Amino acid sequence: MPDLLRFITCGSVDDGKSTLIGRLLYDCRAVLDDQMTALTKDSKAVGTRGDQIDFALLVDGLAAEREQGITIDVAYRYFATDKRSFIVADCPGHEQYTRNMVTGASTADLAVILLDARQGVLTQTRRHSHLCHLLGVRHFVLAVTKMDLVDYDQAEFEKHAADYRAFASSIGIDEITAIPTSGVHGDNVAAKSDAMPWYDGPALLDHLEWVERDSDAAAARSFRLPVQLVSRPDASFRGFAGLIASGRVATGDSVRILPSGKTSTVARILLGDADVGEGQAGQSVTLTLATEVDCSRGDVIAAAADPPEVADQFEASIVWMTDEPLLPGRGYWLKLATQTVSATIAAPKYALAVDSGEHLAARTLELNDIGVAEVTTDRALVFEPYANSRTLGGFILVDKLTNATVAAGMLHFALRRAHNIHWQALDVSREAHARLKGQKPAVLWFTGLSGAGKSTIANLVEKKLHALGRHTFLLDGDNVRHGLNKDLGFTDADRIENVRRVGEVARLMADAGLIVITAFISPFRAERAMVKAMLADGEYIEIFVDTPLAEAEKRDAKGLYAKARAGELANFTGIDSPYEEPESPDIHLDTTALSPEQAADTIIEYLDRRG
Amino acid sequence: MTSLTDLDRLEAESLHIMREVVAEAARPVMLYSVGKDSAVMLHLARKAFFPSPPPFPLLHVDTTWKFRAMYDLRDRMAAESGMQLIIHTNPEAKARGINPFDHGSLHTDLWKTEGLKQALDAGGYEAAFGGARRDEEKSRAKERIFSFRSASHGWDPKNQRPELWNLYNARIANGESIRVFPLSNWTELDVWRYIEREDIPVVPLYFAAPRPTVTRDGMILMVDDDRFPLRDGEVPVERTVRFRTLGCYPLTGAVESDAADLPSIIAEMRASTSSERQGRAIDHDSSGSMERKKKEGYF
Numbered sequence: 000m001p002d003l004l005r006f007i008t009c010g011s012v013d014d015g016k017s018t019l020i021g022r023l024l025y026d027c028r029a030v031l032d033d034q035m036t037a038l039t040k041d042s043k044a045v046g047t048r049g050d051q052i053d054f055a056l057l058v059d060g061l062a063a064e065r066e067q068g069i070t071i072d073v074a075y076r077y078f079a080t081d082k083r084s085f086i087v088a089d090c091p092g093h094e095q096y097t098r099n100m101v102t103g104a105s106t107a108d109l110a111v112i113l114l115d116a117r118q119g120v121l122t123q124t125r126r127h128s129h130l131c132h133l134l135g136v137r138h139f140v141l142a143v144t145k146m147d148l149v150d151y152d153q154a155e156f157e158k159h160a161a162d163y164r165a166f167a168s169s170i171g172i173d174e175i176t177a178i179p180t181s182g183v184h185g186d187n188v189a190a191k192s193d194a195m196p197w198y199d200g201p202a203l204l205d206h207l208e209w210v211e212r213d214s215d216a217a218a219a220r221s222f223r224l225p226v227q228l229v230s231r232p233d234a235s236f237r238g239f240a241g242l243i244a245s246g247r248v249a250t251g252d253s254v255r256i257l258p259s260g261k262t263s264t265v266a267r268i269l270l271g272d273a274d275v276g277e278g279q280a281g282q283s284v285t286l287t288l289a290t291e292v293d294c295s296r297g298d299v300i301a302a303a304a305d306p307p308e309v310a311d312q313f314e315a316s317i318v319w320m321t322d323e324p325l326l327p328g329r330g331y332w333l334k335l336a337t338q339t340v341s342a343t344i345a346a347p348k349y350a351l352a353v354d355s356g357e358h359l360a361a362r363t364l365e366l367n368d369i370g371v372a373e374v375t376t377d378r379a380l381v382f383e384p385y386a387n388s389r390t391l392g393g394f395i396l397v398d399k400l401t402n403a404t405v406a407a408g409m410l411h412f413a414l415r416r417a418h419n420i421h422w423q424a425l426d427v428s429r430e431a432h433a434r435l436k437g438q439k440p441a442v443l444w445f446t447g448l449s450g451a452g453k454s455t456i457a458n459l460v461e462k463k464l465h466a467l468g469r470h471t472f473l474l475d476g477d478n479v480r481h482g483l484n485k486d487l488g489f490t491d492a493d494r495i496e497n498v499r500r501v502g503e504v505a506r507l508m509a510d511a512g513l514i515v516i517t518a519f520i521s522p523f524r525a526e527r528a529m530v531k532a533m534l535a536d537g538e539y540i541e542i543f544v545d546t547p548l549a550e551a552e553k554r555d556a557k558g559l560y561a562k563a564r565a566g567e568l569a570n571f572t573g574i575d576s577p578y579e580e581p582e583s584p585d586i587h588l589d590t591t592a593l594s595p596e597q598a599a600d601t602i603i604e605y606l607d608r609r610g
Numbered sequence: 000m001t002s003l004t005d006l007d008r009l010e011a012e013s014l015h016i017m018r019e020v021v022a023e024a025a026r027p028v029m030l031y032s033v034g035k036d037s038a039v040m041l042h043l044a045r046k047a048f049f050p051s052p053p054p055f056p057l058l059h060v061d062t063t064w065k066f067r068a069m070y071d072l073r074d075r076m077a078a079e080s081g082m083q084l085i086i087h088t089n090p091e092a093k094a095r096g097i098n099p100f101d102h103g104s105l106h107t108d109l110w111k112t113e114g115l116k117q118a119l120d121a122g123g124y125e126a127a128f129g130g131a132r133r134d135e136e137k138s139r140a141k142e143r144i145f146s147f148r149s150a151s152h153g154w155d156p157k158n159q160r161p162e163l164w165n166l167y168n169a170r171i172a173n174g175e176s177i178r179v180f181p182l183s184n185w186t187e188l189d190v191w192r193y194i195e196r197e198d199i200p201v202v203p204l205y206f207a208a209p210r211p212t213v214t215r216d217g218m219i220l221m222v223d224d225d226r227f228p229l230r231d232g233e234v235p236v237e238r239t240v241r242f243r244t245l246g247c248y249p250l251t252g253a254v255e256s257d258a259a260d261l262p263s264i265i266a267e268m269r270a271s272t273s274s275e276r277q278g279r280a281i282d283h284d285s286s287g288s289m290e291r292k293k294k295e296g297y298f
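As they're listed, the protein sequences go chains A and B.
421 is the number that numbering that gives the first Met the number 0 gives to position 422 of the first sequence; each next residue is one higher, with no gaps.
272 is the number that numbering that gives the first Met the number 0 gives to position 273 of the second sequence; each next residue is one higher, with no gaps.
Isolated chain A (complex conformation) (with noise of 0.2 Å):
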């Protein structure tokens, strides 16, 4: 039985690589008589190679191509011999298409770099190698294309071969197969070619067809199965299901749960309806246990004496795949194996020069840009390093407004950033601060809608605690926007910054013995999660302003609501920009019940009883 191989071409433009892989599909009977009679007329209508066919027409699909003769999106193509079945993903060359070829790159065993044998080693050849390689790819195939346009000249040949050789293994490819070629007459690809005699490798499809597989490595490592979902239909059967993402299992092996570090044991393996009674790599399979153990989608079911780690704060390596650049400190969804989590990008430390291997400063990314930063999540990853484990090292970025898929990201290692940051120690402590004033220092956090009641709740409990004889201090969102924050506007990014530094302010200021109250709509939960990780446990109280959106809109103090009604106000919150619920506030206000005044008691009761 064949098995499955999976790979990328990519080249620059021009270079023949449609053309290259239409001769491949032909010459594997990939395409048949009525495709090839469309083809023969479109080669005639809208080809580039006057009256003989254009193989490249094959693979541009999309009208926009076809009419402006380039390939815009990643093409999968299918053909298979005896031996082997193959999926060629088929990238575009030009630069702004990075994020296509990353995702061509992300699923394949092999790369195919395609280099015109008149022009050598260009910056997208380069590119196009560091990125396979970041995502992975551990086999290289160099083919040089048009050798007929060189008089299938061996020096030629050879020099690009050993021009690209030095390249590579400058950013570590070591593995390369140089083969000289000509897509429009066949040269070297499905079979060996007698123009060249003075090449003794193997023709394209030969070696193909006969490489290594790079996901046969996966089974050869420990057992790993990030769990898609359980399966209960009744009280006798509870499995879990999903994809092996490395090694194999059998009946009786013991498992570790992550992250609970939980421990069991394999009762039954099934693939469909078989008890199959082993498992490996590759296979989606549901497994059940022989003790009952929490688990559920998300958690990964691991060999019990070699568990994968566990860490919320990580390096990693970034492609950026959208116009809207990076925002550092926003909070975006980060989807890895089947975990989905709330992760905050921080700056840049450099951005990668793909060409060069240059590290550049950056401050953000952008469309198509690669960059290492640090990644915090707000709950912790079951993870590898990506060079150990796509499945668990690779993850995507999602954005939380538009659900556009944002980025790439490949982990690194996790960091240990507590060990690592020195604070300067201070002789009167926080402590001593907090004792001097005979209070524990407190953040008390309001959200809620524009209107929802936050400063006039606010006001109310500060009037309060002062009147108890509490030192406070209300940061107020408005006031802070007239002198701190004054440099920023309603932009997402600097309504981040604005919620750090009020952060920040509000630490400091419990850090000297302070009650800090602060009232901003902030509607986020990934902002919120960042402040409370600023404060020391316990001393973040988020209170849950409940107004519902019709109520505040009906209020209205500002004006605010109208306005954003009549579009003068954009990324208004409620309106169309959203806001994300707390999920369990220390306290939860509902004003449809309660009087400010209520209200203020109500916080004041919770802080007497949080001592």
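Keep in mind that the hints were calculated from the coordinates and are not lab data.
Note that this is a predicted model, so its numbers are computed, not measured.
Careful: at least some of the hints might be erroneous.
Straight-line Cα separation of at most 30 Å, BS3-like style, residue types lysine-lysine; simulated pairs [stated by the list, open to error]: (1) A/399 - A/436; (2) A/553 - A/462; (3) A/40 - B/157; (4) B/157 - A/399; (5) A/531 - A/462; (6) A/399 - B/93; (7) B/93 - B/116; (8) A/399 - A/553; (9) A/531 - A/261.
Here the structure of chain A is known, so what remains is to put chain B in place on it, guided by the hints.
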């Protein structure tokens, strides 16, 4: 332990895709058109969720012009799988008596494209599985496995989400939906080899048998019922034919063949020099026609 074959890997990928959809989308549904791809897709769904039945209904967007043998198999498979079968026929097409003989492309547009949109809207389905494969047609080759549709079901080929590794972003806004293609990476030959390996029931029309036929515009059409309007002097002729794809019987061309079982179908396919869509009148208009239909909401 033996190493995995190409079919093993394709199967695992399809199961993974279906499970992701069920884990992340609120109301999935499986488009079931009774053809070989639907048969494989249904079989994979049953494997993915065993011992539970697949946790979504089957949806057949019916044109009332399918082959009779298709309706038989449809009802049998729905009963066997324990899944709910929803049959939708576009009431407007019905009222206007739209048929493939008199109405040309309007037939496909109203019964299939509009009918599909109506059925998806009526059920409030966030995700719909379809059996399309990338090797079928050029615009399909560039479509994602998770393919997003606007609130009006439109496809924007230039604004597709990047799809890396096997990580699918299934997040959508209200009113938007996803079409999901678990067989994206399968070829026609893979489908038949898998049907053989797994012994999956398919409509008998795929196997050669003597059938009453007429030839029109170079296509061999089967006279499946008495709604087929014979032209003057046209007499159905018995030919030994089979079908490579199945759709509305007046629009689906047969091929002359003696392949009466799976091994001979597979052997015939390996030797074949024409694509399966050759028998579909709908795809012949021009190279960009499928892309245009998909932008309008066709599967």
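Checked hints:
1. Of the pairs offered as hints, the one joining residue 399 of chain A and residue 436 of chain A is violated, with about 42 Å between alpha carbons and a cut-off of 30 Å exceeded.
2. Only pairs whose Cα atoms come within 30 Å are accepted, and residue 553 of chain A paired with residue 462 of chain A is accepted, the gap being roughly 27 Å.
3. Taking the CA atoms of residue 40 of chain A and residue 157 of chain B, the gap is near 25 Å; set against the 30 Å cutoff, the hint holds.
4. Under the criterion of a C-alpha separation no larger than 30 Å, the hint pairing residue 157 of chain B with residue 399 of chain A is consistent with the structure, at around 21 Å.
5. For the hint pairing residue 531 of chain A with residue 462 of chain A, the CA-to-CA distance comes to about 25 Å; that is within 30 Å, so the pair holds.
6. For the hint pairing residue 399 of chain A with residue 93 of chain B, the CA-to-CA distance comes to about 43 Å; that exceeds 30 Å, so the pair is violated.
7. Between the alpha carbons of residue 93 of chain B and residue 116 of chain B the distance comes to roughly 16 Å, so the proposed pair stays at or under 30 Å and holds.
8. Taking the CA atoms of residue 399 of chain A and residue 553 of chain A, the gap is near 28 Å; set against the 30 Å cutoff, the hint holds.
9. With a C-alpha separation of about 29 Å, the suggested pair residue 531 of chain A and residue 261 of chain A falls inside the 30 Å cut-off, and the hint holds.
Checked against the numbered hints above, the structure breaks hints 1, 6 and satisfies the rest.
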